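Here's the letter readout for the chains.
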Amino acid sequence: MKSHLDTNVIPPSRQREAPRAGLTWIGQSIKRVEDPRILTGNGGYIDDFKVPGMAHAAMVSSPHAHARIVSIDTSRAKALPGVIGVYTGEDLASVVDPCPSFASPPIPQTAIAVGKVRHVGEVVAAVVAEDRYIAEDAAELVEVEWEVLPANVDIEASAAATGDALLHPDDRESNVALDESFNFGPVEEDFAAADHIIKRRLRWHRSSAQAIETCGVVAQFDPYKGGYTIHCNSNFYNFIPFVIGGSLRVSPGEMRIVPKLAGGSFGSKVFSHKIIILTAGLARLAGVPVKYIEDRLEHFTNSDSHGSDRLYDAELAVDKDGTFKSLRFTVLDDYGAYLQFGVGTHGNAMAQVTGPYTIGSFGMRVKAVLTNKCQQGPYRGFGSEVTNWLMERMVDAAANELGQDPLALREQNMIKPDAFPYMIPTGNIYDSGNFQKVLAEAKQMFDLDGWREKAKKMRAEGRCVGVGVATCMERSVYGPTEWWSLNNKETPGFTLTSTPESISVHFDPSGKLFVTLHSPMVGNSPETVVTQILAERLTVAPEDIVFNYSDSQSGFNGVGPQGSRFTAMIAGACVSASIKLEERLKRFGAHMLQRRPEDVELRNGMVAVKGLKDQEKSFGEIALTSSFFRLSFPDGEEFDSGLETTAVYDHPLSTDPDEDRKHLGIFYPIVGHICHIVAVEVDPGTGKVEMLDYAAVHDNGTIVNPRTLAGQVWGGTANGIGTTLSEQFHYNSDGQFTNPNFAEFAMPTANEMPRNFKLGHVETPSPFTEYGIKGGGEGGRLGAPSALTSAIEDALSDHGVKITSLPVTPPVLRGLIRDAEQMAAG
Amino acid sequence: MKPSAFDYECPTDLNAVLAMLGDTETETSILAGGQSLVPMMNYRLAAPERLVDINRLPDLDYIREDAGFVAIGALARHGEIKASELVGRHFPMMSEAYDWIAHAAVRNRGTLCGNLCHADPASEMPALMQVLDATLVVAKATGTREVTAQDFFVGTYETVLESDEMLTEVRIPIPEAGTGWGFEEVAMRKGDYAWCTVVATLRVVEGRIAAPRIAVSGVGDAAIRLGAQEETLAGAEPTSAVFEEIAAAAAAAVNPPNVEHISADYRRDLLRSLLPRVLSAAASRVAA
Amino acid sequence: MNKKAISLTVNGRVREALVPPRMLLSDFIRHELELPGTHVGCEHGVCGSCNVVVDGKAVRSCLMFAVQANGTEITTVEGYDTAEGLHPIQQAFWEEHGLQCGFCTPGMLAAAKELLAANPDPGDDEIREAISGNLCRCTGYEFIINAIRSAAKAMREAEIQKTLQPA
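Residue numbers (my numbering), protein chains in the order written: chain A, 41 to 866; chain B, 184 to 471; chain C, 4 to 170.
Source of the hints: derived by calculation from the structure; they are not laboratory data.
Only a predicted model underlies this, so the values are computations on that prediction, with no experimental measurement involved.
Heads up, a few of these hints could be off.
Cross-link-like lysine-lysine pairs, in silico, DSSO-like; alpha carbons within 30 Å at most [to be verified]: (1) A:K494 to B:K373; (2) A:K483 to A:K456; (3) A:K90 to C:K156; (4) B:K373 to C:K156; (5) A:K456 to A:K239; (6) A:K842 to B:K323; (7) B:K265 to A:K728; (8) A:K483 to A:K494; (9) A:K529 to A:K360; (10) B:K373 to C:K60; (11) C:K156 to A:K71; (12) C:K156 to A:K798; (13) A:K42 to A:K456; (14) A:K496 to B:K373; (15) A:K728 to A:K650; (16) C:K7 to B:K323; (17) A:K842 to A:K360; (18) B:K373 to A:K728.
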């Protein structure tokens, strides 16, 4: 049968290291290599860094959601002793152009507002002073005259706004920045033929990662060379020079961007280009090195990293026997005032939008709506956390309407283990999986049957106890077509298709293996996983591996930790480097052993003659000899001294989107699977939810380090719990952000976490990555909201409460219960 | 988020503090634990011209028993009060409540007197002090006066303290033997400011409730006693039906703030749900 | 605005300085004493990253002015490890994977240090309570709780060893 997917051909696997049992280092929970320096206070975060003569910046932030800047008087601020300079948007524009954008056509954004402000917290002027205290004093003295404009807060109202309420009237005649529709497969036909259509309106509210460290930059401008040196905590520093060079009016090579250890990112520091451009521009204007570290208020209101904020009208077509046929929805997404990454968060969601289920077609209309809020950026899940929740909500809704058991309905529609690689309607593939095994493991770990009985009994006693099960996908190893594949195909923008990762390695003469990473650490464990993979592949002792991080000039291609890609991608680079280094080790070692290279092998840090015990040379001896005793080897460049190599690994499996967007190609194919099961009790009088029991089983393919993976799952689950129960940014009807602080934006503390968390793993290796490794950085947040929502709804099934919006804070949940009580009372 | 500049004084003598407070030319704030004031200063929501740091005043960190009451000095920290055997013995409700108030590092610095002067409408201790019938000793250069906890709180961040006055001591009468107590609160997270706190003490004499005291915070611009409900409760039987009725009346009587996302209805619902739990806990503790 | 002279002991070393009264203790420790291990996460007293131990008690250094620390004894994360190596709590955080990005870690260590000084054998709920004033966005806390439990055990065993040794 002809299908819209026929043109999307799966390329052959480039895997070199097959998944296998009996590995020495891969699979061990070794202690993290990174930790001792961090534990003793020597991590080296951006605010720990200083340079001589460095000044400090503070911002004048907009108190209005939407207003024209009539005038700015900086004279009092400039007169304050200790102030070096005070700069407006016009001043900055003399040295800096607008920020880069993945939206096409772009929505112009400047690092300091010019002409008008579009959200509370947007910068209208910047002060550079001797210290941050004085800079803040001066910021208070800047006087701005405003002409307040209508604030767009509601997503649907903003989509219909006109006149003065338009955010970008010079560029767009509407606050809808993008409105595109897609049909992947025979959506209309499938819906027309289906027995039931399940409809839900679902709302997912805005929050953000709020890493405990904010974003920061130390920038220096060299007026003689015309370039910048920029220290920052961006996770993407090897791409950034190219992206921001245009804004800073220098060629990428004229910038040296030096990464610092980031105190958490979860997506929020993926680019952070605006703060880099801002600080660099200030350093140039002020003529001194400038440090700017966002304070918490600025990070909340202006860091361009708010998460998804979506309104869905979704439909699931189901046959009467429970078979899922098709899924479609219209989604409005409140992107805030700008659109830095286009609708990349929806592109991302296309990787796994139909979940672990066999659904033949999928349709979508996506509308990116601009409002007077801080703009969106990445947050753990990058949009797929919402569609996971949507899919699971729709399955629960279908079960409810068809009178079926929600778990049985899931099992009935789940992709079978022999169906991989499995192509979903959007064109992405699921490389491998065994969803049934994950579910079985989770059921057993949780004692699902026992709990369901228990919950029933407790409900009979009048308690509101329920159990929720979620079976979700965790796509990993992202490909960058997600940034642009949903753009209008006439104006696709910058159609990036590379996401490489690389590594440089060399043995020093003492036999230590020096490794240079070209991506920073953000709280992941790059040195630990590289240690384990190199130790595995080269038989080098872990304690003999030494780490460095390159800067953007000394470094090579690297995209960094994001999109659950780093471990799988760096493993590829490690294998490539190991192959090259092994070849050299063997060549030098064999010569020293007076053997042919094909007669030797790597063994416990030695080049050893195959089959013989004491015929061996340690890597140290070979390194020393190859470094200092050139005459011990034959002439010829293959014996050039030293043992070093640089290796790049490109995305293991991606294809282009179809030109007419009948499919989006393969872009996020290394998929994990997760099952979360949770039991909750709701206090119906207060709306408080208590987690009684929790089990999570994740399949992330071959595991490099079980403990660090567990840390990722735990942490992601904590984020998901916050997203579900307590975290929401509140903008009032004037566009004021009313809870930009840690006291009122309620991230879970240790007290809010479940007491009986059980974590299990299934390992279904990828046939496409080295050793079968899959990513695992986002799964917790991709699964927890669905399971918790289901459990709460189950607990309140006697009240008839339906949950269609997150978060369900106690006031929200109590409100739903109150409505249900009033309805029941007539 | 750095504070504005201020003049700093750190007297070692209470009279010097009171003299500085009497100098009304300079806008002065007392710095005790600083756990509410300094965040506001960091946000520049507060910018006093002068801070008078009282942390070096001698002999003000006491928690001691006196004639029928326990006296707590201006520099007694929450953490010390929470851990105090004396407080635990006489006012177990305070020890229990402190589990829900902030977190260890904040309790290590914050003081009870500072907390009361801050008068956050969502704070727990203003309600507890009213239920426990505390007396607050207020000093100024010309002498001292005593104010009952019930009269002390005026509104949001507002008390009867004049700018030249300082709260130096809280006196909490030791309850009569057999007094039962209850405490409940609901906050987003444990340790957060509560959306609603309900506290009560009562006795049961010959099967009837005697001397009931109920206070709530979070449901108005200051913590308040529920006088009308106390009157209804006095002499009634300690049954759940009575408690439910009292709670319904209380919920109808209060006038909570209606702020976005935490509606007045929700706070009323909390009071409605928590009050019966508090009263039955109090009644059961009488029996114990 | 006049600067005030202060003298205090930080990690066993006497430090003297002239500070503006408004300088936060966190800024003083980080930028004047150049001890960067004390981290600043929120500057409004909620996240706990800036916790240091002042006269034996964990406190928020963003809610204290440096001038108030005159005469105190302060321990920061830089003062925990010894010539023999990591402090047992640090060691346990390492072994139990109690940190990812490490930004909240110094504050967690301060909270753990105070807890274990007062309670050498805390239950899990006591540990949870003790660190509940410290926000961590990476770990979900479970491995931090494991680390503190394990540190407590190691420290108790070290105490026993010490008492068994001949004087």
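Check the structure against each numbered hint from earlier and tell me which ones fail, lowest number first. Violated hints: 3, 6, 9 and 15; rest satisfied.
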